[in-house]
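In the order they appear, the protein sequences are chains A and B.
Going by UniProt numbering, the first residue of the first sequence is number 1, and it counts up by one from there.
Going by UniProt numbering, the first residue of the second sequence is number 1, and it counts up by one from there.
The set of hints was computed from the structure by calculation and includes no laboratory data.
Quick caveat, the model's predicted, so the values are computed rather than measured.
Do not rely on the hints blindly, as some may be mistaken.
Said to hold, decoys possible - Label pairs and their computed distance ranges (CB to CB):
1) LEU15(A) to SER146(B): 24 to 32 Å
2) ASP335(B) to GLN103(A): 52 to 60 Å
3) PRO274(B) to ASP118(A): 47 to 55 Å
Claimed, not checked - Derived coverage of chain A by chain B (criterion: at least 3 residues anywhere in the stretch with Cβ under 8 Å from a Cβ of chain B; other residues may be distant):
4) 29–37
5) 77–84
6) 196–203
7) 222–229
8) 233–246
Claimed, not checked - On the chain A side, residues computed to face chain B include the following (Cβ under 7 Å):
9) PHE109
10) ILE161
11) LYS256
We put the CB at the ideal spot given by N, CA and C, even for glycine.
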Amino acid sequence: MAANFWTSSHCKQLLDPEDVELVPAADRERGIMPEEFRLVKIHMSFHIWRLAQQVKVRQRVIATAVTYFRRVYTRKSMSEYDPRLVAPTCLYLASKVEESTVQARLLVFYIKKMCGSDDKYRFEIKDILEMEMKLLEALDYYLVVFHPYRPLLQLLQDAGITDLTQFAWGLVNDTYKMDLILIYPPYMIALACIYIASALKDKDTTSWFEELRVDMNIVKNISMEILDFYDTYKIDPQRGLPDDKISPVLNKLPAKS
Amino acid sequence: MGDGRAGGANRPAWLQQYELVGKIGEGTYGLVFLARLKPAHPAPGRRGPPIAIKKFKQSKEGDGVSPTAIREIMLLREINHENVVKLVNVHINHADMSLYLAFDYAEHDLYEIIRHHREKLNAPINPYTVKSLLWQLLNGLNYLHSNWIIHRDLKPSNILVMGEGEEHGIIKIADFGLARIYQAPLKALCDNGVVVTIWYRAPELLLGAKHYTSAVDMWAVGCIFAELLTLKPLFQGVEAKNTPNPFQLDQLDKIFKVLGHPTVEKWPTLANLPWWQNDQQHIQGHKYENPGLHNIVHLPQKSPAFDLLSKMLEYDPRKRITAAQALEHEYFRMDPLPGRNALLPSQPGEKIVQYPVRPVDTTTDFEGTTSLQPTQAPSGNAAQGQSVSRSMPRQMPQQPMVGMPRVAAGTNMAAFNAASQAGIAGLNPGNIPMQRGAGGQSHPHQLRRKADQGMMQNPGYPQQKRRF
Numbered sequence: 001m002a003a004n005f006w007t008s009s010h011c012k013q014l015l016d017p018e019d020v021e022l023v024p025a026a027d028r029e030r031g032i033m034p035e036e037f038r039l040v041k042i043h044m045s046f047h048i049w050r051l052a053q054q055v056k057v058r059q060r061v062i063a064t065a066v067t068y069f070r071r072v073y074t075r076k077s078m079s080e081y082d083p084r085l086v087a088p089t090c091l092y093l094a095s096k097v098e099e100s101t102v103q104a105r106l107l108v109f110y111i112k113k114m115c116g117s118d119d120k121y122r123f124e125i126k127d128i129l130e131m132e133m134k135l136l137e138a139l140d141y142y143l144v145v146f147h148p149y150r151p152l153l154q155l156l157q158d159a160g161i162t163d164l165t166q167f168a169w170g171l172v173n174d175t176y177k178m179d180l181i182l183i184y185p186p187y188m189i190a191l192a193c194i195y196i197a198s199a200l201k202d203k204d205t206t207s208w209f210e211e212l213r214v215d216m217n218i219v220k221n222i223s224m225e226i227l228d229f230y231d232t233y234k235i236d237p238q239r240g241l242p243d244d245k246i247s248p249v250l251n252k253l254p255a256k257s
Numbered sequence: 001m002g003d004g005r006a007g008g009a010n011r012p013a014w015l016q017q018y019e020l021v022g023k024i025g026e027g028t029y030g031l032v033f034l035a036r037l038k039p040a041h042p043a044p045g046r047r048g049p050p051i052a053i054k055k056f057k058q059s060k061e062g063d064g065v066s067p068t069a070i071r072e073i074m075l076l077r078e079i080n081h082e083n084v085v086k087l088v089n090v091h092i093n094h095a096d097m098s099l100y101l102a103f104d105y106a107e108h109d110l111y112e113i114i115r116h117h118r119e120k121l122n123a124p125i126n127p128y129t130v131k132s133l134l135w136q137l138l139n140g141l142n143y144l145h146s147n148w149i150i151h152r153d154l155k156p157s158n159i160l161v162m163g164e165g166e167e168h169g170i171i172k173i174a175d176f177g178l179a180r181i182y183q184a185p186l187k188a189l190c191d192n193g194v195v196v197t198i199w200y201r202a203p204e205l206l207l208g209a210k211h212y213t214s215a216v217d218m219w220a221v222g223c224i225f226a227e228l229l230t231l232k233p234l235f236q237g238v239e240a241k242n243t244p245n246p247f248q249l250d251q252l253d254k255i256f257k258v259l260g261h262p263t264v265e266k267w268p269t270l271a272n273l274p275w276w277q278n279d280q281q282h283i284q285g286h287k288y289e290n291p292g293l294h295n296i297v298h299l300p301q302k303s304p305a306f307d308l309l310s311k312m313l314e315y316d317p318r319k320r321i322t323a324a325q326a327l328e329h330e331y332f333r334m335d336p337l338p339g340r341n342a343l344l345p346s347q348p349g350e351k352i353v354q355y356p357v358r359p360v361d362t363t364t365d366f367e368g369t370t371s372l373q374p375t376q377a378p379s380g381n382a383a384q385g386q387s388v389s390r391s392m393p394r395q396m397p398q399q400p401m402v403g404m405p406r407v408a409a410g411t412n413m414a415a416f417n418a419a420s421q422a423g424i425a426g427l428n429p430g431n432i433p434m435q436r437g438a439g440g441q442s443h444p445h446q447l448r449r450k451a452d453q454g455m456m457q458n459p460g461y462p463q464q465k466r467r468f
């Protein structure tokens, strides 16, 4: 249902971590390793985010776009669905779903502006529109996505630590560089971000968490994953992954036809 | 869902699972077709269920899948309720970039039911049917609202009623092309254009409200309730077209005449509404004192039915009755009690009303191209061609017609009617021949609707495009 996470298609589609990390057969054949598969998804999440800054859409639209992007690659291969085209198309579709439509020609314009030198990122309006339909199919027409942002604000209010809002919000943004949104209910991701934020900012939320009656093991696991992620990648929040890390992987994908 | 890979030149594989019957509707978004799902294990006499297939054109050059289609898919893929239309499949034809939504087919809608009573029967809809239709409409709406969905375009033609069969007489709220989740709108709801056909548009919208609520749907339900009782739209304002703003003075005037003038005392937030502030002269100038709603709907002012209606037509959206509250209203606890099949006669022995079936244009294929039928209608008159093919089941043997290469209307229609006969046979076997006959007879009139529209007897009843 549209407003109840527990009856939503999003909830029914949550996956086990192993299924999310599985490299599609076609990509494995091209020599793409699980770690490289993850790198492309991180890189493309940045790509979507940067493109979104240009066309000025809200965080929620970006989050939905990245969720679509990650969901697609639990079903389709990067060899068949070029991530460099899927990424902007996810943003295009998400902008429609979230009622703040961005025109395809505008996306094409900004992609050219951003990646002008790299031919492999350049696509025409027609390419995006064709991919939009393929995405709808790949997503099995399930378009409603829930995000941690709303529960985050409610929970921070409830815990009386709204001064952590900005920090925790930033953490939630960063979780979209990972596949957490495909695996855990959004409010659990929000809780993990609050857990990290309160630990780093020396806020004692122990008793508040105890009263929540949620499985703290899951909250702690998600928190560990997030901290691990920061530790492993040490990504420049503005630039994303360095080119020498990502180019060799993308070069394994078939060239644009 | 659908597999969009083409099975041949321009012919997607998914198309094979349907037998096209013909075109049943047309709107700004595209076309609606009636088809039958081919049974998994074909056998003589076995037919799959009827399916309505809505084909979306690309909205504009370079705009991709229309936002209307996206809204419908996104909402209907999440929701599931007996009184909401069921999206059974989505298909894509990559070759021409068209999108198809397949729904359970509903034979009737409130627009046609009301019209049948007004123009053919000259008799009101029986109280049991009115109450059952209203209850089911509220039941579906309560489900939507409790899931934070506002329909925004409720009107009789969007409220479908199932024909003979397992779900006979059950309401299905349809057309979610304007529906929105209102939990967290990114933009003010009024941003994507003015919504709701003006006759059913709530006064706060007419006065320019920026943030509106599920109460707009309840206003529309009130208008529909009155229309079910009187067979006439309650507030038939003349739409001011081509104006840059959504201000509809005539529609407001029609409402004020019947319900009396709203006052800031009764509706405190009225003072904040843009048009109320800006247009003192016109809106605040007139003063209609005597509310005459009960005279129009012919209900005693103290009756529960009137009480419910006036609570739906409450000016202040915050005081307007909600769907959940309305379902608990006394009206629904008195005889006749509402039922699952709204189209049953209210008393045993009473004659069942036989509503006409939807006209089907069997000359149009999925591409929307019309095949002229040289053997039938040399003039190319669609209506004429229709009634011929419609009457075929009783005249034609089960052979595809010569000269109709695309649609084997003969076989399809025969099977179609045979199946629906089987449906009613269980209910009232004695009446079958009469019923089919009546249905067939009323049909040509219905087909002439398009041509007649300009010169209809009731000039106040404007042309209304079927929106399916």
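Does ILE161(A) hold up as a contact with chain B if the rule is Cβ-Cβ below 7 Å? It is violated, given that the least Cβ distance between ILE161(A) and chain B is near 22 Å, above 7 Å.
With a cut-off of 8 Å between beta carbons, are at least three residues of the segment 29–37 of chain A near chain B? violated (count 0)
Using Cβ atoms only, decide whether LYS256(A) comes closer than 7 Å to chain B, and label the hint accordingly. With a minimum Cβ separation of about 18 Å from chain B (threshold 7 Å), the hint on LYS256(A) is violated.
Let's test the interface hint: is any C-beta of chain B closer than 7 Å to that of PHE109(A)? Check failed: Cβ of PHE109(A) comes no nearer than 12 Å to chain B, outside 7 Å.
Between the segment 233–246 of chain A and chain B, are there enough contacts, at least three residues with CB-CB distance under 8 Å, for the coverage claim to hold? violated (count 0)
Outcome for the supplied range 24 to 32 Å, where the beta carbon pair is LEU15(A) and SER146(B): Holds, since LEU15(A) and SER146(B) (Cβ atoms, about 29 Å apart) stay within the stated range.
In terms of beta carbon proximity below 8 Å, does the segment 222–229 of chain A have 3 or more residues touching chain B? Coverage by chain B is violated for the segment 222–229 of chain A (0 residues, Cβ < 8 Å).
Are PRO274(B) and ASP118(A) spaced within 47 to 55 Å by their CB atoms? holds, 49 Å
Examine the segment 77–84 of chain A for residues whose CB is less than 8 Å from any CB of chain B, and state whether their number is three or more. violated (count 0)
Coverage assertion for the segment 196–203 of chain A with respect to chain B, Cβ distance below 8 Å, three residues required: violated (count 0)
Outcome for the supplied range 52 to 60 Å, where the beta carbon pair is ASP335(B) and GLN103(A): holds, 57 Å
The structure fails hints 4, 5, 6, 7, 8, 9, 10 and 11 (numbered hints given earlier, in ascending order).
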